[in-house]
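Asker: With the hints as constraints, model all of the structure from the sequences given.
Those protein sequence lines, which keep their order, are chains A and B.
Position 231 (the first sequence) corresponds to 351 in my numbering; numbering is contiguous.
Position 101 (the second sequence) corresponds to 219 in my numbering; numbering is contiguous.
Honestly, the hints are just simulated from the structure, not real lab data.
Wrong hints could be hidden among the right ones.
[Said to hold, decoys possible] Here's a subset of chain A near chain B, in silico, CB distances under 7 Å, partners left out:
1) LEU146
2) LEU149
3) LEU156
4) LEU157
5) SER160
6) VAL174
7) THR175
8) PRO180
9) ALA182
[Said to hold, decoys possible] One-sided and incomplete, this derived list gives chain B residues near chain A with beta-carbon spacing under 8 Å:
10) ALA130
11) PRO159
12) GLY203
13) LEU222
[As the list claims (entries may be wrong)] Take a look, some chain B residues computed to stay more than 10 Å from chain A by CB distance:
14) ALA126
15) ASP127
16) ALA133
17) VAL135
18) ALA139
19) LEU144
20) LEU147
21) LEU219
22) GLY239
23) VAL240
24) LEU252
25) PRO286
26) LEU291
Ideal placement from N, C-alpha and C gives every residue a C-beta, glycine not left out.
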Amino acid sequence: MARIAHDPYLIRGAHRQAGRGPGASLILLMLAAVLLLVLSRLDHPVTRHIRATVTEWVSPAAAWGSSLLGPVRAIAAHFDDVAALRRDLATARAEIARLEAADWRAAEATRKLAEVERLAAMVPALGATYRSARVLTEAVGPFSRSLVIDAGGEHGLRAGHPVVGPAGLVGRVVEVGARAARVLLLTDIASRVPVVIGDGRARAIAIGDNSPRLAIGYADRDAKMTDGDIVATSGVGGSFPAGLRIGRIAIGERDLRIVPFADLDAPEHVSVLIVDPPDAALGTADGAGQRRRGGANGKAG
Amino acid sequence: MGSSTTLADVFAVAARVLARAWASLLPALSLALATLAAIVPTGLGADWRFVPALFPLAVVHYWADRRRNGPGAPTLPALLIFASGLAVDAMTSGPLGYWALVYLAGAALTHVAGTRLARLGVSRWPRFVAVTALVGSLAWATASLYFANSAPLWPLAVASAVVIAAEPLIAALLAAVTPTVASFRPAFADRRA
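Answerer: Right, here's the structure in full:
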């Protein structure tokens, strides 16, 4: 404001020309511009000549300005890059979200595949044929521990067939339908499995009581059991093949318990060992072939 | 004055002559720079391509607006405005005469509408807004007529908005580099005395 206040142009000439219109030259040049536009529209050779001449005159200055404005262009390019990067980032984030979902699905599929592969690798080692099945439902309540699988009589299943998971014994078939069967889990209160424990091969009965861990009953009085001893089926009674891994001894404050290897809470796939007759021994550890219809758990289907 | 003239007075007069020469060159120089900025490739996107081309309009408006201050005020010759527009037309491969017409129309509208608005007490920036709106409309209409098709309005609107927003800065910059003649006025006053 101080500058304007002292501006002699403003002081001396204030409003002297106010009201004066544009000069004649301005109007004439506007008409010339319009004429050039018309000629340009008609692609008249004169316009080409003018364009070439002006370009020739201005180009050196434009080249100089272009080099001078290099940093400005770099800044503009930088902002363009930033905008492009923001778009790329949004796309990448969406892609990451999609890939994370795909990764989760792949991990899940890999896990299931590994489970099935372990299952497939375990069962042939026993020298028995088997039928893998998907778990349809599980009845894990206060009164029972059982599963329903999507294989049944049509697939060769019969009551009494042992059922194993990737990590070890799961239970045995107790009811068979045409395309489904019920499996009694080791932890069911009615489950009884003859076992051998640890390197000392102490014999006992693994007893289900609807808790996640199995109780040990009928063990030899002099049996030596330590924490972490492996528990496997003994084959006694012929209900289960000998050597099926069941779990590991866990010494509690008041008693010994067996922690099952198999995931009995939420198994997804199991294999049914096809032996005929179902309760026939598969090379039992001690050769005992005693048949006991209804199996060790006493719930023949 | 006579024998009382000192070396300091000579330097002062020389400085004032230089300042006046600079003041008279400044409009052309500023327009040349704005034109240069309009023709050099900036790498801007399609929506922004009119922005540099409208910067000379702000310069034209500034000097045309100052012209109202009196016959001694630095002015932009119409021929320079025309040449500036022609250079932009030629270098941007646009229709020859298009930007020349737009810039000249800006100068003319500043003279006519700007003066009337100034009489109503409207300050410079709102006057520029009004002039830019009118010139932008003219530019759009001219382009539509030239191509016999409705020209895209958005790039012109964006450019107008950007130049309107930048005008106070351009005006302040030009005002800052314009020498005030008031500083050397007393010396001439002395001579007149």
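Asker: Which earlier hints turn out false for this structure, listed by number in ascending order?
Answerer: 8, 10 and 21
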